[in-house]
Amino acid sequence: MIRLVRPSEEHFSQVLKLKQDFINNNESRIQGSGSVDKYDDLNEWLKSINDIEQGKNEKLVPSTYYLILSDEEVVGTISMRHYLTKDLEEFGGHIGYSIKPSARRKGYATEALRLILELYKDKYDEILIMCEDDNIASNKTILANGGILINQIEKFGLKINRYKIC
Numbered sequence: 001m002i003r004l005v006r007p008s009e010e011h012f013s014q015v016l017k018l019k020q021d022f023i024n025n026n027e028s029r030i031q032g033s034g035s036v037d038k039y040d041d042l043n044e045w046l047k048s049i050n051d052i053e054q055g056k057n058e059k060l061v062p063s064t065y066y067l068i069l070s071d072e073e074v075v076g077t078i079s080m081r082h083y084l085t086k087d088l089e090e091f092g093g094h095i096g097y098s099i100k101p102s103a104r105r106k107g108y109a110t111e112a113l114r115l116i117l118e119l120y121k122d123k124y125d126e127i128l129i130m131c132e133d134d135n136i137a138s139n140k141t142i143l144a145n146g147g148i149l150i151n152q153i154e155k156f157g158l159k160i161n162r163y164k165i166c
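By this note's numbering, the letter at position 82 of the sequence shown is numbered 82, and the numbering carries on one by one without gaps.
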């Protein structure tokens, strides 16, 4: 069973395992995590994501962060931006998520996206979500949750598929 939980100190050992899984797979970024990959001190990370959510970080749009749990194992991260700037409407969207490499291809992303959409369905008329064109798994995840392809853009040398979910 998959569930979304707010990060807390009780999850730190699992978050460290998540980070290590990405490192072992030579992946440097953990989408939807509030940049947990850049923090050695998880208390600093927890403070940072709480500050972001409360709008105390002037460089970032307020967002809420969740850990994706399967039973009690942290298998990924997902976040929801509270609103979008013009730049984020073009490139970024409302939701970011990652599943650790060792837990992929098990339906966790599809279910986590469904759960976060359920949490926020009454707050937004339309949710924007984007992924790289060659990320087959993310494209399938978004489509499985009702994603409608708006267009494809090129940004930073990447082809990005822009979807809306109503």
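Warning: the hint list may mix true and false statements.
Straight-line C-alpha distance at most 35 Å; calculated DSBU-like pairs for lysine-lysine [stated by the list, open to error]:
1. Lys19 x Lys47
2. Lys59 x Lys140
3. Lys106 x Lys159
4. Lys17 x Lys38
5. Lys47 x Lys155
6. Lys19 x Lys164
7. Lys164 x Lys123
8. Lys106 x Lys17
9. Lys164 x Lys59
10. Lys19 x Lys56
11. Lys86 x Lys19
12. Lys17 x Lys121
13. Lys121 x Lys56
14. Lys155 x Lys86
15. Lys159 x Lys38
16. Lys86 x Lys59
17. Lys17 x Lys159
18. Lys38 x Lys164
19. Lys19 x Lys121
20. Lys159 x Lys59
21. Lys38 x Lys140
22. Lys19 x Lys123
23. Lys56 x Lys155
24. Lys121 x Lys47
25. Lys140 x Lys47
26. Lys140 x Lys123
27. Lys155 x Lys17
28. Lys121 x Lys38
29. Lys17 x Lys47
30. Lys121 x Lys106
31. Lys155 x Lys121
Per label pair, the in silico range of CB-to-CB distance [to be verified]:
32. Gly157 x Val61: 35 to 41 Å
33. Leu119 x Glu89: 39 to 45 Å
34. Arg29 x Glu90: 16 to 22 Å
35. Lys38 x Lys155: 20 to 26 Å
36. Lys123 x Gly157: 15 to 21 Å
37. Ile153 x Met1: 32 to 38 Å
Read the hints as simulated data drawn from the structure, not as lab findings. Beta carbons are placed, not taken as given, at the ideal position from N, Cα and C, and that holds for glycine.
Take the C-alpha atoms of Lys121 and Lys106, compute the straight-line distance between them, and say whether it is at most 35 Å. Within the cut-off at roughly 25 Å; holds.
Mind checking the alpha carbons of Lys86 and Lys19 for me, to see if they're no more than 35 Å apart? The hint holds at about 31 Å.
Has the given pair, Lys159 with Lys38, been kept, meaning a C-alpha gap of at most 35 Å? holds, 26 Å
Taken at face value, is the distance from the CA of Lys38 to the CA of Lys121 at most 35 Å? holds, 31 Å
Beta-carbon spacing of Arg29 to Glu90 - inside the hinted bounds 16 to 22 Å or not: holds, 20 Å
For the pair we were handed, Lys106 and Lys159, check the Cα-Cα distance against 35 Å. Roughly 26 Å separates the two Cα atoms, so the pair holds.
Assess, step by step, whether the Cα of Lys19 is no farther than 35 Å from the Cα of Lys56, and give holds or violated. Roughly 25 Å separates the two Cα atoms, so the pair holds.
Determine whether the Cβ-Cβ distance between Lys123 and Gly157 falls within the hinted range of 15 to 21 Å. violated, 34 Å
Run the distance test for Lys121 versus Lys56: straight-line Cα separation, threshold 35 Å. At roughly 25 Å apart (the allowed maximum being 35 Å), Lys56 and Lys121 satisfy the hint.
Check the hint pairing Lys106 with Lys17 against an upper bound of 35 Å on the C-alpha distance. Between Lys106 and Lys17 the Cα gap is close to 18 Å, so the pair holds against 35 Å.
Satisfaction of hint between Lys164 and Lys38, Cα-Cα up to 35 Å: Distance ~30 Å between Lys38 and Lys164 Cα, so the pair holds.
Given pair status - Lys47, Lys19, alpha carbons within 35 Å: holds, 18 Å
In the structure shown, a violation is registered for the earlier hints numbered 32, 33, 36, in ascending order.
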